[in-house]
Every structure is written in C-alpha cells, then in structure tokens.
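Can you build the whole structure from these sequences, using the hints too?
Residue numbers (my numbering), protein chains in the order written: chain A, 1 to 307; chain B, 1 to 307.
Treat the hints with care, since some could be wrong.
If chains are identical, the list can't say which one is meant, so a pair holds when it fits in one copy or spans any two.
DSSO-like, lysine-lysine: derived pairs with alpha carbons at most 27 Å apart [as the list claims (entries may be wrong)]:
#, residue 1, residue 2
1, K277, K51
2, K192, K266
3, K292, K51
4, K46, K277
Keep in mind that the hints were calculated from the coordinates and are not lab data.
Note that the coordinates shown come from a computational prediction; the quantities given were computed from them, not determined experimentally.
2 protein chains.
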Amino acid sequence: MSLELLILGSNSAAFAHRRHHTAQLFKLQEQHFLIDCGEGTQLLMKRYKVKLSRIDHIFISHLHGDHYFGLIGLLSTMHLFGRKKDLLLVCPPGLKEILQLQLRHSETSLNFRIQYVEFTPGESEIVHETPKYTVTTLPMDHRVPCSGYLFKEKPKKRRINRNKLPEVQLSSLDIVRLKEGEDILNEDESIKYENKLLTLDPNPSFSYAFFSDTRLRPELVDTIKGVDLLYHEATFANDMKDRAVQTFHTTAEQAAQFAKDAEVGKLVLGHFSARYKELDPILNEAKAIFPKAELAIEGTKFVVDGK
Amino acid sequence: MSLELLILGSNSAAFAHRRHHTAQLFKLQEQHFLIDCGEGTQLLMKRYKVKLSRIDHIFISHLHGDHYFGLIGLLSTMHLFGRKKDLLLVCPPGLKEILQLQLRHSETSLNFRIQYVEFTPGESEIVHETPKYTVTTLPMDHRVPCSGYLFKEKPKKRRINRNKLPEVQLSSLDIVRLKEGEDILNEDESIKYENKLLTLDPNPSFSYAFFSDTRLRPELVDTIKGVDLLYHEATFANDMKDRAVQTFHTTAEQAAQFAKDAEVGKLVLGHFSARYKELDPILNEAKAIFPKAELAIEGTKFVVDGK
Numbered sequence: 001m002s003l004e005l006l007i008l009g010s011n012s013a014a015f016a017h018r019r020h021h022t023a024q025l026f027k028l029q030e031q032h033f034l035i036d037c038g039e040g041t042q043l044l045m046k047r048y049k050v051k052l053s054r055i056d057h058i059f060i061s062h063l064h065g066d067h068y069f070g071l072i073g074l075l076s077t078m079h080l081f082g083r084k085k086d087l088l089l090v091c092p093p094g095l096k097e098i099l100q101l102q103l104r105h106s107e108t109s110l111n112f113r114i115q116y117v118e119f120t121p122g123e124s125e126i127v128h129e130t131p132k133y134t135v136t137t138l139p140m141d142h143r144v145p146c147s148g149y150l151f152k153e154k155p156k157k158r159r160i161n162r163n164k165l166p167e168v169q170l171s172s173l174d175i176v177r178l179k180e181g182e183d184i185l186n187e188d189e190s191i192k193y194e195n196k197l198l199t200l201d202p203n204p205s206f207s208y209a210f211f212s213d214t215r216l217r218p219e220l221v222d223t224i225k226g227v228d229l230l231y232h233e234a235t236f237a238n239d240m241k242d243r244a245v246q247t248f249h250t251t252a253e254q255a256a257q258f259a260k261d262a263e264v265g266k267l268v269l270g271h272f273s274a275r276y277k278e279l280d281p282i283l284n285e286a287k288a289i290f291p292k293a294e295l296a297i298e299g300t301k302f303v304v305d306g307k
Numbered sequence: 001m002s003l004e005l006l007i008l009g010s011n012s013a014a015f016a017h018r019r020h021h022t023a024q025l026f027k028l029q030e031q032h033f034l035i036d037c038g039e040g041t042q043l044l045m046k047r048y049k050v051k052l053s054r055i056d057h058i059f060i061s062h063l064h065g066d067h068y069f070g071l072i073g074l075l076s077t078m079h080l081f082g083r084k085k086d087l088l089l090v091c092p093p094g095l096k097e098i099l100q101l102q103l104r105h106s107e108t109s110l111n112f113r114i115q116y117v118e119f120t121p122g123e124s125e126i127v128h129e130t131p132k133y134t135v136t137t138l139p140m141d142h143r144v145p146c147s148g149y150l151f152k153e154k155p156k157k158r159r160i161n162r163n164k165l166p167e168v169q170l171s172s173l174d175i176v177r178l179k180e181g182e183d184i185l186n187e188d189e190s191i192k193y194e195n196k197l198l199t200l201d202p203n204p205s206f207s208y209a210f211f212s213d214t215r216l217r218p219e220l221v222d223t224i225k226g227v228d229l230l231y232h233e234a235t236f237a238n239d240m241k242d243r244a245v246q247t248f249h250t251t252a253e254q255a256a257q258f259a260k261d262a263e264v265g266k267l268v269l270g271h272f273s274a275r276y277k278e279l280d281p282i283l284n285e286a287k288a289i290f291p292k293a294e295l296a297i298e299g300t301k302f303v304v305d306g307k
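Below is the structure:
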C-alpha cells in the first residue's frame, strides 16, 4: 500500500510558462481523488493518461476560477462517456448552485448522481470517512471561503507473523483477535499465546495534507503533525512577503518553515505566480530551511510507500 | 480590407484526436470577434498568438458546454491583465445569470464593463451594428436556444480615381459627393463632372455566416445568399444522417448542398464528431457536391481579400 500524488497543474491565476491551473490526482487505498479542477484539467488528464472513470471523489478548495473552472466540463464529459456511478463532490457552498444552473441551461440531466458535501467555512470537520480513512477539512485563510484537505488512513490492524503459524493452532476467531492486538487465552483465561509473539506491527498509516490558497496557518501545525506528504502553496518567494500577505498567499520560506515545524515527511510546493518563469528561487529558498522540498511540476508523481 | 477567420477549435462534445471545442476568431474592419469559447480557448489563443486585448466583441451561440465553458476563464484572465475597455457579449438568455453567479462566488468585481446583448431565440435580428457592418442572428434548429451569426459589411463608398485628379478641380465637398455616387453640378445644375468619369466602383463588401449546432436550415438559403465565407457544422458524414437528425446536427453532404444552394464563396466545415479520427470522409463527401469546401483544422486561417 502506498500514497501517490500526480500533479496535473500548479500555476496560480494566469496560465503561464506552460503551467496550468491547480489540479491534482491523489491516490490512497486504491481510491483516486481529484483535488481542485482548473480549466483544462480534462485535457491534462488525457495528457497524463488518467482515466475519468477511476475518479469517484472530487474535492474543490474554493471558488476562485483557477481552482474549479474545469469542473463543469469534466462532469459533462463523464456524462457523455456514460458514467452511471455516483460521484462524491466535496466543495464550498455555492458550487452546487453554479453547476445546477449550468446543467439547467444546457438542458442536461446527468446520468449519474452527484453527492454534494458542502464544507463549513472556517471549521475543521470530517467530510468523508470510510472504515479505512478519513478526509478532514483544513480551514484556509484566503479572500473567499477556502479549505484544504487532510487525507488520513486509519490505524491498520496488526499483521499475523506467518513464520510462527506452523508452531501454533489458531481458529479463524483467533486470527481476528490477534489482528486486533488481543492475546489468545485458554479456557481459564490464562494466556495461551501472547499477541506480540505471533504478530508484527501494522503497516504504516499514510497521510497527506493539501493546503490550498492561504496565508500561513501556523495554527494547523499540530493538526498535520507528521504527515507523510504536505502540498503547500508557495505563490511567491520571500522578497514578495508583503504581497503574499496582501493577496492572502504564502511564500516558499514560510511554507518550508511550516513543513519543518510540522515535521512532515516531504513538502511539495505549488500554485506558482506567473511572475516566476524559472522556479529555482522558490525551491532553493524552501530547501535552505526544509531540504525535503520539491516543486509541483506538472506530470510529476510523488510516491510514499514506507516510513 | 479583407475578412479573416482563424480556427481555434472545431470538435464537438468530447475533446478528441487533439481537437478542441468550438472557438474561432473572426476579423472584419480591423475588429476581432471571438465566436464561441469552449473550454481551453484561452490556452489556444496563447498557442496561436492571439492577444486577448484585441477582442472587444464576443458572440456565443448556445449554452452547451462545448461552446462556452471557456468564457468565464477568459473573462477572468482579461480582468487579471487589467482590461478596462468595455466588452460586447452577444449571447443566449441565461449566460448573464451564469457569469454573474460565478463572479459573485469568487467575490470578483470586473475592472471592465460587459455590455450584454441577449438574442431572441428563434428570431433573426440585428444584434450589433456600426456604420460599417451589421451582425444579424441566424436562428438555428438545435436542442436548446441557439443562434448563428451573419457578419456583413455595409456597401462601401465609391473610390476617387486618383489618375483623373490632375485634370479637374474639386472641393472637399465635391469629394464627399463623388464618394456618395453623385455627379458634380455647375451652378445652373448642369453636369460639370459625371461621377463615373472620376470614380471607381466601391471595394467589395465582405460577409461571413457562422452556423453553429443545427439541423439543416434550408429556410436560411436566401438570408446568406452569396456570402464570401460560410462556416457550417458537419458533425457527421452522411451515413449517419439519421443520427444527425436525432441529435439536431448536420451531415457534410447536407452542409455542402446548402453551401451550393446559397452560392457561397467558400465553405468551412467544423464541429466534428469524436468518432472521426480522420476527417477525409467528411471533406470528400462535401467536395463531391461543393468543391470549394475545406476543413476547420485548428490553427488554420481563412482569408478572403477580393472577389
């Protein structure tokens, strides 16, 4: 099991230097999550060979166009390709109204159901949960209601140590109990097999934090402590710190310090201003503080498969 | 003076075979008109080096996404680039509501004014006029309210024959009268200079008809009779004639016969179904009936500069 992040687009505001608007495909527990969907995302998915039918969950951070203008086109194409499966759409209030108005004017009744989950601006809440993972909103500090997302696998069960199996006799129920961390008892409740002798530690639980457009959010250091992967916007380099504050964005230096404080495994920087043709200044500034920083270059896949 | 048509996109419904959704840039009288604006149009404009600032007039045919999903992104980029000039937007009822809702949710107040002109579905009416040209709607037969557009230069003034000027004495007023086709009179109202001796015929007046998604519209043959250039959808080849009727589209054969009946100068075929990887069947079918047919291949510029 692993965590994968494929960058589809990572530029802010205007298209520039062959860089597109925010969109990324995140994979966890064999599920594909599309996070943000700037104009042209479906074209980028074609370029990077992402099948539309794989996507059952879409998360939109906020209603600035560079984060969602490609969504209505993507949904239309899914419809055209005969999608029947439900689609979960986690989004800010307002998006449902926009999409429904557009569908009404094109007299389109989608072949599939969109299950809308509107997040509550300013709050941190679980917006999607399965037995294996949770997705929690991370309230951003931006000009319009905006949320990041924390994807977190739940703790996994202990693993049976197959090398020990020939030495013992176990029922199916014993196996279940061992995976839950329980010892196996005799009828008189004395310990027959100690759990730790027959099991191995669980596989690691992976986690990913997506920080959309925002001023620095030091309040969230504890919330994302130790995530394996952090995507953080770094619209500007630090010489534009004042501009970052004015426009509710973050600098590369700030993002790197945040990653360091939160002790994350790896930092991916994105949402670059069109003013940067070359991104080395952004990367170097971050690496000076947090060496495990990388750039969200389109088409790059970041994989975390062990701790 | 000439008429120019640059094809930006010409595929129907789904992106396919590197073909994009409908968008084209039409130039007449030094004005640039954007006609339809599928998703990614602003990227295609970058590719074909079309400056956004040149465009003061946008015409949208209908509210199917492959004809307008790129508009909100284009307007947002114009705003971002500091546009101040008014923009004329001729469109179906409903588009204003969609755009205003999107702008409201992004808390964006555009730096420029959009002058909305909503066409009346089913009617042919002048939606834009200057002293030099008119734009008239062409009611299409499609599943939702849909309009084509007829761009027509008004008759031009007669041209002064400069070779004759040394032989005569003319006042400024005489020049104006000659251009209007009048003779120059003596005080006793006898003819001093006959108009045709001092002037040449006017330059030709160009015209362009854009037919958006539609079933065949034989009722419009007279309306567009003799236009220099006709863009007509040809979603299917004629073996799909039944499907064309069902989906409110046209075949290449039908479009060619229509062009022939309307005695147009040139026919450009577009809005190709994704089922055609190669477009030769479409072109050959049309050419058999109307030899001056061409395909709306992206990046192609069609120029008409004389009759």
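When the structure is checked against the list of hints, which entries are broken? Sort them ascending. 2 and 3
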